[in-house]
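For the protein sequence lines, the chains are A and B, in the order given.
For the first sequence, my numbering gives the first residue as 1, with consecutive numbering after it.
For the second sequence, my numbering gives the first residue as 1, with consecutive numbering after it.
Every clue listed holds true.
Calculated pairs, DSSO-like style, for lysine-lysine (alpha carbon to alpha carbon, straight line, at most 30 Å):
{"hint": "1", "chain 1": "B", "residue 1": "Lys273", "chain 2": "A", "residue 2": "Lys273"}
{"hint": "2", "chain 1": "B", "residue 1": "Lys248", "chain 2": "A", "residue 2": "Lys257"}
{"hint": "3", "chain 1": "B", "residue 1": "Lys248", "chain 2": "A", "residue 2": "Lys27"}
{"hint": "4", "chain 1": "B", "residue 1": "Lys271", "chain 2": "B", "residue 2": "Lys132"}
If you are wondering where the hints come from, they were derived from the structure by calculation, not from laboratory data.
Protein chains: 2
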Amino acid sequence: MSFLEVVNKLGEKVRGSLLLIGGAEDKYGDKEILNRFCRMVQEKGSYLVVLTSAASQGASVGLEYQRIFEDLGISEIKILDVDSRNKAESVENAQLLEGAGGIFFTGGDQLRITSIFGGTKVNNSLKKAYEKGTIIAGTSAGASVVSDIMIVGGKGDESAQMDSVQLSAGLGLIEELVIDQHFAQRGRMNRLLFSVAYNPHILGIGIDEDTAVEFRPEATFVVRGSHSVTVIDGKGITHSNISEIKGKQPLALLDVKIHVLPALYSYNLQKRKVIIPD
Amino acid sequence: MSFLEVVNKLGEKVRGSLLLIGGAEDKYGDKEILNRFCRMVQEKGSYLVVLTSAASQGASVGLEYQRIFEDLGISEIKILDVDSRNKAESVENAQLLEGAGGIFFTGGDQLRITSIFGGTKVNNSLKKAYEKGTIIAGTSAGASVVSDIMIVGGKGDESAQMDSVQLSAGLGLIEELVIDQHFAQRGRMNRLLFSVAYNPHILGIGIDEDTAVEFRPEATFVVRGSHSVTVIDGKGITHSNISEIKGKQPLALLDVKIHVLPALYSYNLQKRKVIIPD
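Between the sequences and the hints, there should be enough to build the whole structure, so can you do that?
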């Protein structure tokens, strides 16, 4: 099912939502984004699961978020460190996800998540939870991982060349877009441009630190947080040399449209159109 | 006179050209860009002046380029370190520029050039030389400085916010565009986007390291070197919040068109159109 079909379906039944954070979200001040997530979870009336699979130090990362989410008024929080395929096949873990009001993916390495989750019971339950309406949030690697196609590598601050970016299959909760995070802070324009150049049907969404996109059932997202989200729309690309270059050879890419969107600006994914706040 | 008027005029009489380099050009291998500059200068049949005003260690930078240009077959090279307003008012220095076949601005700090050159005899002679057909080249700060409006500051790898970029008046050899250098390598997309957002009539040209744009009399430029040039065309911008934000407040900017151009791709400045090589 394509992302648009999913969200259309959600649109009918007003279910699931996603909050994808560009990393380094405020944890000590207003905590705007994490607070928003907690309010969304509270509306669901069930517990919150913090999934630390992306982090190599899962326990300490889990504890940090537990404290923050408790401070923000969430009474029931489960830390789940699914760090092996074995744990990903656990019926108990799978059921824990299915019953959650919210699931939060911490940062770390997105390949840890997909290589552990791929094809397991926990993965199936995550999808079921999402389709039932559980709020799924992720920061940094945890934001990249939810889409069908995800960025797993590629240096920032580099010219656009054939080895700029490595892509892989993500968790597939949303399709037809690719998410990048720490976007401005790590100079990731060229690797996201490259991701779009491969197949201009894919929309590129680059999320700055302490900034988030909140996907809503009606196939739009709204920007939250202190910085901006860069949308790369490749539908109008008239020419690229991507099929002809190798290794360090530089990219040619013509007529890419971009938008830079701060908080409260929305984007309609079906119409590929920005909605300016009143 | 606008840049287009200058180049149109040049077009009639086939005079002056510019070679603007994004910094860190190859000095030890094929030296493709510097070699190209030397071939252009040799066609002019006069000496080459290396202007080290941007560099704080002018003497050593000058010597390094002298050796390279000698290796590349230039027989007569003058190192000119105009490092004071007094030297910029010297008739001798002014005459040296006017008689040159090529003038090369080293890197450093573009404000050193403009604060020393602005309104002086040397500045007038530079413009005369350019209009007479002297090949003007610059790398890094030396590339930024030639346009009418230039970037003097602004951190890379930062979100697009009101303090992203500081602009100033450059040497004014070309107008209606703003040049940035070390572009991909220092994550400067947002500061160039901002420069264009101020006035979308201005074309943004971001030059990667070891990459150059060669401006030709017929109002086009062609890309040279190993990486890419990013062109930011703001003519189609439909909305921005730049007049409403302050300090760290994030930018909104909708419908910016960009092109990523490797070597041999050209751009027609009048038509704002890319010319794909055969």
